[in-house]
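Visitor: Here is what each chain is made of, one letter per residue.
Number of protein chains: 2
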Amino acid sequence: MAQNMMLYWGSGSPPCWRVMIALEEKMLQGYKHKLLSFEKNEHKCEEVKALNPRAQVPTFKHGDIVVNESLAACLYLESAFKSQGTRLIPDDPAEQALVYQRMFETNNLQQKMYEVAFYEHYVPEGERLESALKRNKESLVAELKLWDGYLEKMGKGSYLAGKSFTMADVVCFPIIAFFPRLHCPRERCPRLMEYYEMLKDRPSIKASWPPHWLEKPEGPDTLKNL
Amino acid sequence: MAQNMMLYWGSGSPPCWRVMIALEEKMLQGYKHKLLSFEKNEHKCEEVKALNPRAQVPTFKHGDIVVNESLAACLYLESAFKSQGTRLIPDDPAEQALVYQRMFETNNLQQKMYEVAFYEHYVPEGERLESALKRNKESLVAELKLWDGYLEKMGKGSYLAGKSFTMADVVCFPIIAFFPRLHCPRERCPRLMEYYEMLKDRPSIKASWPPHWLEKPEGPDTLKNL
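Same order as they appear, the protein sequences are chains A and B.
Just so we're aligned, residue 0 is where the first sequence starts under numbering that gives the first Met the number 0, counting upward by one.
Just so we're aligned, residue 0 is where the second sequence starts under numbering that gives the first Met the number 0, counting upward by one.
Some clues are possibly wrong.
One copy or any two copies: either way a pair holds, since identical chains are not told apart in the list.
Computed list of lysine-lysine pairs in DSSO-like fashion (alpha-carbon distance at most 30 Å, straight line) [claimed, not checked]:
#1 K111 with K144
#2 K152 with K215
#3 K133 with K111
#4 K144 with K81
#5 K133 with K60
#6 K215 with K199
These aren't lab readings, by the way, just hints derived from the structure by calculation.
Remember, predicted model here, so these are calculated numbers, not experimental data.
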């Protein structure tokens, strides 16, 4: 069933990783894929551009269906393979609302993490400002506190949207995994770090772990002084 | 049915507007609501904070279910009232994939529009740089070209994800409406402007049109030199 699927991806890209976790959870192992190097700009290749005018990864194709936005691909997979593998969107309206809420809140965490951890990547050299980076850090600290509070309130051993692993975890885990890797002080988000420990060996996550993270488990320490 | 719904909102906020369009499309008129003034910082009030730790609007409650992220609220409403009003997410997998794809791509258009139109709002005075604003403009122009191309390819009279009005339109229209309002040159996105004309009088959109836009149809000309 996964034979007619093709994923173009980059190692360590959270949007790619979440699609790969969803594929694992939906028991769609065996999909075709091509690992592209960001450093070599391989994601800008013609093969990707033909399917994705943004020339970004993930670029995902299932039969004739192309769906490249990571959340779109995740929701599509859940809908197309609803009864296969893990149910990632629950039926109960209250549970469903919380899953959606956390899924889309992840954007905040993602953007704020990027704006600190990859500040130098996104802001050209002549435009970098201590005041801006300081503000970004404060904003990220506040965001982490919010997420840590969510987990605290849900209780020990909880997933992001309750007692079961859901699409909220698929979407958010790849962001959370950056915090220990980039040396974020544990006290900034102790509950998130427990959550990370609980999930990092889950089969879907382990199977899709970024290969260059396996080679070099420690990343740069851009979150050290948070 | 809508009597046990409560929406806190701000006039002209695209995330609020999209929830209001969804409510109209799902025939949920009659929901309770409270219009809050951004200028007076009313969205930071205790009433909102009690439901939304981000102190943002939209803040939306249905019975005991609170769902504040605009896309989460939209998907929740579609799921909870699937057979009522307009079907906003089609059943057909290929159609569904395109609806999701355009829904989530909207984030790009939204952020790039904000980074030009509201540059002075987001960047403190001492940090503003011509080089950054210029880059933001180029990025927005490229983004508009992409969306215009999507519509061009779909053919005259098409909605964002095909021949029917879907969640893609609910999510994206409130962003597109800023372009004519903020004096974006028509030639930057002629197909989008035709799409805007086609949709602006749709009942759900007209009923939820930002009240301060009705009072003052022309906004500042921050997109004039795009």
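Visitor: Are any of the numbered hints broken by this structure? If so, which, sorted upward?
Guide: 2, 4 and 5
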